[in-house]
Amino acid sequence: MTTYKQPISALVVIYTTGLEVLLLERADYPGYWQSVTGSRDGEESLRETAIREAFEETGLDANCHVLTDWQVQNVYDIYPKWQHRYPPGTMQNTEHVFGLELTGVLPVQLSPREHLSYIWLPWREAAEKVFSPSNRAAILQLPKRQIPPNPTLKKCAGD
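If you want the working numbering, it's the 1-based position in the sequence shown plus 32.
Each statement offered as a hint is correct.
Derived DSSO-like pairs: lysine-lysine, alpha-carbon spacing no greater than 30 Å straight-line: (1) K176 - K161; (2) K161 - K113; (3) K113 - K37; (4) K37 - K161.
Simulated restraints, written as ranges between beta carbons of each label pair: (5) D109 - Q173: 18 to 26 Å; (6) P175 - Q38: 25 to 33 Å; (7) Y108 - P144: 23 to 31 Å; (8) G50 - P112: 36 to 44 Å; (9) T122 - E80: 20 to 28 Å; (10) Q103 - P62: 32 to 40 Å; (11) P112 - P175: 28 to 36 Å; (12) T34 - S149: 29 to 37 Å; (13) L138 - T34: 33 to 41 Å; (14) G91 - Y111: 24 to 32 Å.
Read the hints as simulated data drawn from the structure, not as lab findings. Where a beta carbon is used, it is the ideal one built from N, C-alpha and C, also for glycine.
My request is simple: use the sequences and hints to build the entire structure.
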């Protein structure tokens with residue numbers, strides 16, 4: 033039985049208070065850079081999707097940082113090279129945008145089947161490097177999306 037992806041996804045822009053952005057290079061398309069992204073599993077909430085995808089793709093625990101739902105949805109045509117991953121006849125995906133703010137640059141643990149490498153870049157450079165127009169638009173919103181410091185934020189090991 034073929035298991036298809038849901039055409040509902042989370043885009044998680046991971047960035048620092050200094051507006052450095054984490055980008056990941058796709059393993060299936062070297063040279064294509066992006067933020068964390070992935071489809072919803074089952075009936076999980078979009079927030080749960082964002083937390084799971086951030087952890088699976090980077091090893092970062094979003095519960096230890098400031099994760100915000102930007103209340104932005106992008107509907108876009110699924111690239112033809114990835115349409116086979118979705119139910120037959122599915123042509124569009126609805127992407128929900130989240131931001132994950134870290135206090136500083138952290139090392140990440142890549143999922144080797146998904147990504148080849150990672151890089152932290154200043155936000156403007158990151159926006160120029162990503163291949164997805166919706167990812168670019170999200171990164172360009174960062175100066176308006178910064179979160180005021182929260183002294184009660186839970187700290188995790190390695191932070």
